[in-house]
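Asks: Below are the chains, spelled out letter by letter.
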Amino acid sequence: MSKHPPISNRVRKLRETNGQISQAALGEMIGVTRQTIIAIEQGHYSPSLESAFRIANVFKVGIEEVFSWDE
Amino acid sequence: MSTYMKVIVFINLALLIVFGWHFATVFGFLGTAPQTQSEFFIRLGVILIAYIASAIITAFMVLRKTGNAPLPDEREEIIELKTERVGVPVLYIGLIVVAWYAFMPLTAIQTANAILAAVCVSELSKICYGLFILKRAL
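Top line first, the protein sequences correspond to chains F and X.
Just so we're aligned: 56 in the working numbering is position 56 of the first sequence, and the numbers increase by one with no gaps anywhere.
Just so we're aligned: 65 in the working numbering is position 65 of the second sequence, and the numbers increase by one with no gaps anywhere.
A few of these clues could be false.
Computed far set for chain F versus chain X, every beta-carbon distance over 10 Å [stated by the list, open to error]:
hint	residue
1	9
2	10
3	34
Cut-off 35 Å, straight-line C-alpha distance, at most; resulting in silico cross-link-like pairs (DSBU-like, lysine-lysine) [to be verified]:
hint	chain 1	residue 1	chain 2	residue 2
4	F	60	X	65
5	X	65	F	13
6	X	82	X	65
7	X	6	X	82
8	X	82	F	13
9	F	60	F	13
10	X	135	F	13
Hints were generated in silico from the structure; no laboratory data involved.
Values in this document were obtained by computation on a predicted structure and should not be read as measured data.
We put the beta carbon where it would ideally sit given N, CA and C, even for glycine.
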């Protein structure tokens with residue numbers, strides 16, 4: 001299995017600072033399951049570009065404010 | 001585990017239970033195994049009907065509970081693709097082994113059961129690998 005890329009994200013922090021959006025609610029907004037949101041927050045799964053943009057749009061921020069490449 | 005993954009696991013487990021019953025009869029642990037071609041085809045029909053019935057019942061139960069059909073999201077589609085990457089080579093290896101043993105003095109029923117066993121092992125490896133990567137998140 002390939003190693004996870006060095007991508008970190010602020011999804012959890014953004015959820016908490018934007019009215020405590022639940023993982024399930026965020027998942028519903030962008031069309032993925034709660035389990036996928038958990039995997040994204042824990043850094044186990046890198047979402048598709050489309051989902052990354054959808055997440056950024058939910059929080060009304062740029063994609064670079066949600067995801068960053070740590071190298 | 002999401003509803004979609006639960007449905008997939010449940011249907012595959014139902015399939016493995018039916019195959020398990022079949023092989024239990026083949027090895028003499030339970031009832032009698034099919035001995036003739038017609039008995040074998042009836043058994044295959046029973047396995048197929050049980051598989052379809054389990055899929056229909058599962059889909060009906062999920063629809064009643066959630067109101068819509070469960071669909072995979074992007075991560076679950078990747079998990080399914082990864083399990084195929086394991087299941088297909090296992091099936092090929094199983095069929096190659098069966099092809100090798102086809103030159104041995106095996107009966108037609110034994111050869112047919114060996115092919116079914118290869119399919120069964122392939123499905124089992126897919127389920128096990130799928131659950132493994134689900135446990136690791138991906």
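Asks: For every hint, state whether the structure bears it out.
Replies: Here is how each hint holds up against the structure:
1. 9: It holds; residue 9 of chain F is separated from chain X by about 14 Å at its closest Cβ, greater than 10 Å.
2. 10: The assertion about residue 10 of chain F holds, with a minimum of 18 Å to chain X.
3. 34: The assertion about residue 34 of chain F is violated, with a minimum of 7 Å to chain X.
4. F:60 / X:65: holds (34 Å)
5. X:65 / F:13: The given pair, whose Cα atoms are some 32 Å apart, holds under the 35 Å limit.
6. X:82 / X:65: Holds. Residue 82 of chain X to residue 65 of chain X sits at ~29 Å (cutoff 35 Å).
7. X:6 / X:82: Within the cut-off at roughly 17 Å; holds.
8. X:82 / F:13: This hinted pair holds, its Cα atoms lying about 31 Å apart.
9. F:60 / F:13: holds (14 Å)
10. X:135 / F:13: holds (24 Å)
Comparing the model with each numbered hint stated earlier shows that hint 3 is the single one that does not hold.
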